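Student: Generate the whole structure from the sequences, applying the supplied hints.
First to last, the sequence lines map onto chains Y and X. According to the numbering used here, the first sequence is numbered sequentially starting from 109. According to the numbering used here, the second sequence is numbered sequentially starting from 109.
Just so you know, the hints here were simulated from the structure itself, not pulled from any lab data. Please note that the accuracy of each hint is not assured.
Note that the list lumps identical chains together, so a pair holds whenever it fits in one copy or between two copies.
Result set (DSS-like, lysine-lysine): computed pairs, CA atoms no more than 30 Å apart in a straight line [said to hold, decoys possible]: (1) Lys-414 to Lys-214; (2) Lys-140 to Lys-414; (3) Lys-392 to Lys-214; (4) Lys-140 to Lys-392; (5) Lys-352 to Lys-392; (6) Lys-352 to Lys-117; (7) Lys-352 to Lys-414; (8) Lys-352 to Lys-214; (9) Lys-392 to Lys-117; (10) Lys-140 to Lys-117; (11) Lys-117 to Lys-427; (12) Lys-214 to Lys-140; (13) Lys-427 to Lys-214; (14) Lys-352 to Lys-427; (15) Lys-427 to Lys-392.
All figures in this text were calculated on a predicted structure; none of them were measured in a lab.
There are 2 protein chains.
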Amino acid sequence: VTTPGQQPKPDEFDLIARYFAPLAGEGALGLKDDAATLLPRPGFEFVVTKDAVVSGIHFFPEDAPSSVARKALRVNLSDLAAKGAGPVGFMLALGLGNGWDEAWVKEFAQGLEQDCQSFGASVLGGDTFRTGGPFIVSVTAIGEIPQGNYVSRLGANADDEIFVTGSVGDAALGLQVRMGQNLQLVPHERDHLLDRYLIPQPRLDLAPALRSHASACMDISDGLLGDAQKLANASDCGMVIEAKSVPLSDAARSSLNTWQPAMETILTGGDDYELLITAPASRKAEFLRDAVEAGLSLTHIGQCTKNTGHVEVLDCDGKPMQFQSMGYCHTDYT
Amino acid sequence: VTTPGQQPKPDEFDLIARYFAPLAGEGALGLKDDAATLLPRPGFEFVVTKDAVVSGIHFFPEDAPSSVARKALRVNLSDLAAKGAGPVGFMLALGLGNGWDEAWVKEFAQGLEQDCQSFGASVLGGDTFRTGGPFIVSVTAIGEIPQGNYVSRLGANADDEIFVTGSVGDAALGLQVRMGQNLQLVPHERDHLLDRYLIPQPRLDLAPALRSHASACMDISDGLLGDAQKLANASDCGMVIEAKSVPLSDAARSSLNTWQPAMETILTGGDDYELLITAPASRKAEFLRDAVEAGLSLTHIGQCTKNTGHVEVLDCDGKPMQFQSMGYCHTDYT
Numbered sequence: 109v110t111t112p113g114q115q116p117k118p119d120e121f122d123l124i125a126r127y128f129a130p131l132a133g134e135g136a137l138g139l140k141d142d143a144a145t146l147l148p149r150p151g152f153e154f155v156v157t158k159d160a161v162v163s164g165i166h167f168f169p170e171d172a173p174s175s176v177a178r179k180a181l182r183v184n185l186s187d188l189a190a191k192g193a194g195p196v197g198f199m200l201a202l203g204l205g206n207g208w209d210e211a212w213v214k215e216f217a218q219g220l221e222q223d224c225q226s227f228g229a230s231v232l233g234g235d236t237f238r239t240g241g242p243f244i245v246s247v248t249a250i251g252e253i254p255q256g257n258y259v260s261r262l263g264a265n266a267d268d269e270i271f272v273t274g275s276v277g278d279a280a281l282g283l284q285v286r287m288g289q290n291l292q293l294v295p296h297e298r299d300h301l302l303d304r305y306l307i308p309q310p311r312l313d314l315a316p317a318l319r320s321h322a323s324a325c326m327d328i329s330d331g332l333l334g335d336a337q338k339l340a341n342a343s344d345c346g347m348v349i350e351a352k353s354v355p356l357s358d359a360a361r362s363s364l365n366t367w368q369p370a371m372e373t374i375l376t377g378g379d380d381y382e383l384l385i386t387a388p389a390s391r392k393a394e395f396l397r398d399a400v401e402a403g404l405s406l407t408h409i410g411q412c413t414k415n416t417g418h419v420e421v422l423d424c425d426g427k428p429m430q431f432q433s434m435g436y437c438h439t440d441y442t
Numbered sequence: 109v110t111t112p113g114q115q116p117k118p119d120e121f122d123l124i125a126r127y128f129a130p131l132a133g134e135g136a137l138g139l140k141d142d143a144a145t146l147l148p149r150p151g152f153e154f155v156v157t158k159d160a161v162v163s164g165i166h167f168f169p170e171d172a173p174s175s176v177a178r179k180a181l182r183v184n185l186s187d188l189a190a191k192g193a194g195p196v197g198f199m200l201a202l203g204l205g206n207g208w209d210e211a212w213v214k215e216f217a218q219g220l221e222q223d224c225q226s227f228g229a230s231v232l233g234g235d236t237f238r239t240g241g242p243f244i245v246s247v248t249a250i251g252e253i254p255q256g257n258y259v260s261r262l263g264a265n266a267d268d269e270i271f272v273t274g275s276v277g278d279a280a281l282g283l284q285v286r287m288g289q290n291l292q293l294v295p296h297e298r299d300h301l302l303d304r305y306l307i308p309q310p311r312l313d314l315a316p317a318l319r320s321h322a323s324a325c326m327d328i329s330d331g332l333l334g335d336a337q338k339l340a341n342a343s344d345c346g347m348v349i350e351a352k353s354v355p356l357s358d359a360a361r362s363s364l365n366t367w368q369p370a371m372e373t374i375l376t377g378g379d380d381y382e383l384l385i386t387a388p389a390s391r392k393a394e395f396l397r398d399a400v401e402a403g404l405s406l407t408h409i410g411q412c413t414k415n416t417g418h419v420e421v422l423d424c425d426g427k428p429m430q431f432q433s434m435g436y437c438h439t440d441y442t
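Tutor: Here it is, written out as structure tokens:
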């Protein structure tokens, strides 16, 4: 039932045909069927991962639909990157929340198309439905990797070195800015942090170097320290991270001088989508060189230890730092 | 923050480790990583499909969590069956709605485990989050099929025969019963309809016969006539279906005598999860025989035609039937 002046809302099939079929990949039959066929190239295997984003939790309801689409896809591409895989395609479950209209879907699809082109991924299928509540985008990404080259989070050894890509903490600080916290930054610094929260950068270009050198890897979505704790638990090792080595953007560095909780936010806040990597010391030089050749910043931040499940951050004086909130690692942190 | 007497709710990682890791399949690393690796057996390819179920739309908020889990999985297995594929595993996005507690998740996982065992599927990974609204279960199912044997909905020819598995309309009538409609049925008939709405039966046992004989197939989720329209559109053909041939359960047949809208509900209501199949006339006898051998009921219900996009249902006198609601086919129905 529509009231005068109100456009009837298109149904699921219209939306898919109009906005998502143009993004369909090989094997997806133009999204005219309920499924897609997939075969890895000879010598390759698939890597499958699934992460959902929800309005009010992972993004703001008022975020541009195009950036919601890009974040939903990128958090999954980030997981593929962490496993050393390259993207093939993805299944999209689009849960339309209260207040959706066709313009929302159109802009969402435009953002998706932009990133499909950037990253060489295509839509393999999916499902569109109304949630009666928040917007929910649940993506299942499928990547490809040479057989036997999967990089898990279970393989770190007690004497491995620890690395991280890019810069840490920008997105968590961006979220603070977004929520109204005044970090006393200049506009371009504020914009940098806001953008890092809104649009993650999956580090797919590092995948080949990871496959060559890494013993373990995961992407940092729940904060550097919390995720370091998870990697240490999964690999049965400990970790010592030097706070002074953790790579910071200029904006994050400025915030250290202007906002007291900045360091804690940087080390424990979420949404970085950088990669946390371990590799044998013997590979350090080559790994750093390969990262440079891939055009990515890679920084050595610490060492694995035999102290199973214990993750420590040392300050400039080599003393363990303590934070009110350590994310998911607080129970094990000593 | 918890109030006295209230159990703290376990976080995502606790829930996954406690309830879903025991269901993890090969390549899923016990759900300790963010992804899984997958390689089809030699000579096979993957079939991927994705359907979500949402409380208040696809199931009732008060439904037993175990039946929600089973429905969420089975609607996806039904899509695999329709493509001629067998299940391998699935990715699970579990959106916990308002009012969830650990007991809900536990019972959900129990239902999932039961069906994982019944159907030989395993959990490959997933994601758990709070929706702040309804419960949403978004499953991506991965199946396997001999290379080149995928059964699409695009391949029906103008002189093919039309078949359907099982019985049609039970779930739609079950939904009516569930919503309080008195169909004046005896208790075991009511229970049959209610159960058919709650727990779909994916017709996986028919997959080998489909691959041998079918020209096109899809599962009926939006009503026989609406889905016949979709298949006809996708295959560029028309369809004539004889209402008297459509297979009905005893309960559905009883309802025809007691509730005037029963026939329309049976032919246009959703949630059947039976298979709608086309096959060449030359294959009819063999297809019916193979279905019997697979232990499945298969019924011939009509013929494809050259009348592109036109789906007709004929009554006992051979006259086209008209319904108030034809589901998604109403605009093309003449």
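Student: If a hint holds in the structure, say so; if it does not, say that too.
Tutor: Here is how each hint holds up against the structure:
1. Taking the closest pair of Cα atoms, Lys-414 and Lys-214 never come within 30 Å of each other, the shortest separation being 52 Å inside a single copy and 35 Å across copies.
2. Proximity of Lys-140 and Lys-414 under a CA criterion of 30 Å is satisfied inter-copy only: 20 Å between copies versus 54 Å inside one chain copy.
3. For a Cα distance limit of 30 Å, the shortest separation of Lys-392 from Lys-214 qualifies neither inside one copy, at 46 Å, nor across copies, at 44 Å.
4. For the identical chains of this complex, Lys-140 and Lys-392 are inter-copy neighbours only, at 26 Å across copies versus 49 Å inside a copy, given an alpha-carbon limit of 30 Å.
5. For the homomeric pair Lys-352 and Lys-392, the shortest alpha-carbon distance inside one copy (19 Å) is at most 30 Å, but the shortest distance between copies (74 Å) is not.
6. Within a single copy, Lys-352 and Lys-117 get their C-alpha atoms no closer than 54 Å, and across copies no closer than 36 Å, so neither meets the 30 Å cut-off.
7. When the C-alpha separation of Lys-352 and Lys-414 is checked against a cutoff of 30 Å, the pair qualifies only within one copy, where the shortest distance is 22 Å, while the shortest distance between copies is 74 Å.
8. In the homo-oligomer, the alpha carbons of Lys-352 and Lys-214 never lie at most 30 Å apart, since the shortest distance is 45 Å inside one protomer and 44 Å across protomers.
9. With identical chains, the CA atoms of Lys-392 and Lys-117 are never at most 30 Å apart, being 56 Å at best within one copy and 42 Å at best between copies.
10. Taking the closest pair of Cα atoms, Lys-140 and Lys-117 come within 30 Å of each other only inside a single copy of the chain (20 Å); across copies the shortest separation is 42 Å, beyond that limit.
11. In this assembly of identical chains, the alpha carbons of Lys-117 and Lys-427 never lie at most 30 Å apart, being 60 Å within a copy and 34 Å across copies at closest.
12. Taking the shortest alpha-carbon separations for Lys-214 and Lys-140, only the intra-copy value of 19 Å comes in at or below 30 Å, while the best inter-copy value is 37 Å.
13. Taking the shortest Cα distances, Lys-427 and Lys-214 never come within 30 Å of each other, neither inside one copy (53 Å) nor across copies (43 Å).
14. Proximity of Lys-352 and Lys-427 under a CA criterion of 30 Å is satisfied intra-copy only: 12 Å inside one chain copy versus 82 Å between copies.
15. Taking CA atoms no more than 30 Å apart as the test, Lys-427 paired with Lys-392 passes inside one copy only; the shortest distance there is 25 Å, against 79 Å between copies.
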